[in-house]
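> Work out the full structure, taking the sequences as your base and the hints as a guide.
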Amino acid sequence: MSAVSRERYSYQITPIGDQSISIEFGAVIDVEINRLVCALARRIESAALAGVVDVLPSFSAVGVHYLAAEVPTGPGERVHAAITRRLRGLVEALESESQAATRTVEIPVCYGGEHGPDLEEAAQACSLSAQRLVDLHTRAPLRVFMIGFTPGHPYIGLLDEQLDLPRRASPRTVVPAGSVAIANRQSVIYPLATPGGWHLIGRTPLRLFDAQREQPCLLQPGDEIRFRAVSGAEFDAWPQAAVRIEESAS
Amino acid sequence: MSLEVIKPGLFSVFQDLGRHGAQKLGVPASGAMDELAHRLANLAVGNAENEATLEIMLMGPTLRFNRPATIALAGADLGATLNEQPLALLAPIAVPAGAVLQFAKRKTGLRAYLAVAGGFGLPSLLGSTSTYVRGGFGGFQGRALRKGDVLNLPCRAERAALPPASAAALRLLRSLAQPDAAEPLRLVTGREWKYFSVVAQKLLLSTGYRVGPQSDRMGYRLEGPPLERACTGDILSSAVAFGTMQVPPNGMPIVLMADRQASGGYPRIAQVASVDLPRLAQVMPGETVHFSLISLNQAEELLLERGRTLGALREALDIKWK
Numbered sequence: 011m012s013a014v015s016r017e018r019y020s021y022q023i024t025p026i027g028d029q030s031i032s033i034e035f036g037a038v039i040d041v042e043i044n045r046l047v048c049a050l051a052r053r054i055e056s057a058a059l060a061g062v063v064d065v066l067p068s069f070s071a072v073g074v075h076y077l078a079a080e081v082p083t084g085p086g087e088r089v090h091a092a093i094t095r096r097l098r099g100l101v102e103a104l105e106s107e108s109q110a111a112t113r114t115v116e117i118p119v120c121y122g123g124e125h126g127p128d129l130e131e132a133a134q135a136c137s138l139s140a141q142r143l144v145d146l147h148t149r150a151p152l153r154v155f156m157i158g159f160t161p162g163h164p165y166i167g168l169l170d171e172q173l174d175l176p177r178r179a180s181p182r183t184v185v186p187a188g189s190v191a192i193a194n195r196q197s198v199i200y201p202l203a204t205p206g207g208w209h210l211i212g213r214t215p216l217r218l219f220d221a222q223r224e225q226p227c228l229l230q231p232g233d234e235i236r237f238r239a240v241s242g243a244e245f246d247a248w249p250q251a252a253v254r255i256e257e258s259a260s
Numbered sequence: 011m012s013l014e015v016i017k018p019g020l021f022s023v024f025q026d027l028g029r030h031g032a033q034k035l036g037v038p039a040s041g042a043m044d045e046l047a048h049r050l051a052n053l054a055v056g057n058a059e060n061e062a063t064l065e066i067m068l069m070g071p072t073l074r075f076n077r078p079a080t081i082a083l084a085g086a087d088l089g090a091t092l093n094e095q096p097l098a099l100l101a102p103i104a105v106p107a108g109a110v111l112q113f114a115k116r117k118t119g120l121r122a123y124l125a126v127a128g129g130f131g132l133p134s135l136l137g138s139t140s141t142y143v144r145g146g147f148g149g150f151q152g153r154a155l156r157k158g159d160v161l162n163l164p165c166r167a168e169r170a171a172l173p174p175a176s177a178a179a180l181r182l183l184r185s186l187a188q189p190d191a192a193e194p195l196r197l198v199t200g201r202e203w204k205y206f207s208v209v210a211q212k213l214l215l216s217t218g219y220r221v222g223p224q225s226d227r228m229g230y231r232l233e234g235p236p237l238e239r240a241c242t243g244d245i246l247s248s249a250v251a252f253g254t255m256q257v258p259p260n261g262m263p264i265v266l267m268a269d270r271q272a273s274g275g276y277p278r279i280a281q282v283a284s285v286d287l288p289r290l291a292q293v294m295p296g297e298t299v300h301f302s303l304i305s306l307n308q309a310e311e312l313l314l315e316r317g318r319t320l321g322a323l324r325e326a327l328d329i330k331w332k
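So the sequence lines, in the order shown, correspond to chains C and F. FYI, in my numbering the residues of the first sequence are 11 to 260. FYI, in my numbering the residues of the second sequence are 11 to 332.
Rather than coming from a laboratory, the hints here were simulated on the basis of the structure. The model shown is predicted, which means the values in this text are computed figures rather than measured ones. Backbone N, C-alpha and C define an ideal beta-carbon position, used for all residues, glycine too. Warning: the hint list may mix true and false statements.
[As the list claims (entries may be wrong)] Where chain C lies over chain F, by a calculated footprint (3+ residues, C-beta under 8 Å):
| no. | stretch |
| --- | --- |
| 1 | 143-151 |
| 2 | 194-208 |
| 3 | 241-248 |
| 4 | 265-275 |
| 5 | 310-323 |
[Stated by the list, open to error] Listing some non-contacts, in silico: residues in chain C with all C-beta distances to chain F over 10 Å:
| no. | residue |
| --- | --- |
| 6 | R113 |
| 7 | L168 |
| 8 | R236 |
[To be verified] To give an idea of the chain F side of the interface with chain C (calculated C-beta under 8 Å), a few residues:
| no. | residue |
| --- | --- |
| 9 | L35 |
| 10 | P106 |
| 11 | A107 |
| 12 | P133 |
| 13 | K157 |
| 14 | T254 |
| 15 | A283 |
| 16 | S284 |
| 17 | S302 |
| 18 | L303 |
| 19 | L306 |
| 20 | N307 |
Right, here's the structure in full:
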């Protein structure tokens, strides 16, 4: 499908205080809705509305931060009314919009062992063998729904129904950078050593965030992800520059 | 041509008006906690308002200027002295080479802002010089100042002494710099206001909440009567803003501040009006805050009025830049 069908979804524009606003398409995690959200976020960014400083796609909403003093208003018009009016115009114009090229990023992962200390336990909780869990995690192409929590931290899904686990009862105080984890039919990758409550099934040698890189974040919302199992030896010898990214117009 | 850190102080970090445009990549906006004081410090020395200032918390650093400079302080009164002479806030001060700036005892507020005419010459990362300590980037080496740090101030032509500010400018400066600290902080209802019981809504607006000891640049953790939800169920993680008051399952509200995460998944009961965020940023852990509710229109009008006063100040100071 090359067009995102906005008409099929109702939306709501709601202020979040006096300098932010949210455009919401329900409260579900759904690939089609997220595709719409990412397309809308791109559209809002490229419209470069006066006063808008940040546009954030999340699972099913786009957050827009603006500087109230810099938003042009009509006579007697409130700032939030003016920004709502412009955003509504962009949402309404979205239906014929074609999607931007999809990037596919391959993420090498060394599963289990020291890199994925929760793999066996998570597999048992899903009534699967560890190998079967890895097969399911690497099988289908997945989607980056949003980036959040820490710089460059992706929420990736939706995983196979058999990989539906709640988060760990007690979060770890420190998770090593690069850890690949699952919960709630999603996968995350921890870019920095931070606390974390998801099940650690493996680790990638890729650096998801590096402030000194020209593009500090490896992934973007809307990217397609393919996890690929690699051995411990491959993990140890992985050259940082070796990231496989393919761009394709869809 | 340098600035030398003799003592680092408790927590001194460089901040500007924030790192905008990268929140979609999970990069916090950061920036000055008290944006107004930051702007006033810059205005007082003739800088652009987005120039970095040093945000100084509670116990200030001891700094030696190894060259002449023009500086100004705004925000909290942390007992600043220059060569042991008390230093006025909100006024450009000529600093001779070799002079030592230090801080004694806090009098009011929590965060002071130090501006140097011409700036600190910090590198910009993702469009900002703000320090994000948790991520280890921005500002000076991505961290708070340490003893022995030496900053090379930009070798700009020494700024001619600023003309004394007019009476009108001084009046505007003082009116902006002295918000009524005793007034309640103004809130507008949050996205999930209605997820909370009427009792919780009333508690928030009638009870004082203590700013907890774990409060920092990321968030202010409030302590008081827990805020009960009227309905259960999760919400999806989505955008949050500076001043978003979210309520985790324990019912204790957290107000998200400058180093907040870009998104959050707890219900947002309220939003601190942007115009009152500078006041909140000056509240010390252990102090109690009160809240009142205003409409979104009122919050917007108060903010625009603040903007107009700042505009009038710029005019009165006769500072022109692009």
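> Output the indices of the hints that this structure fails to meet, ascending.
Hints 10, 11, 12, 13, 17, 18 are the ones this structure does not satisfy, whereas the remaining hints hold.
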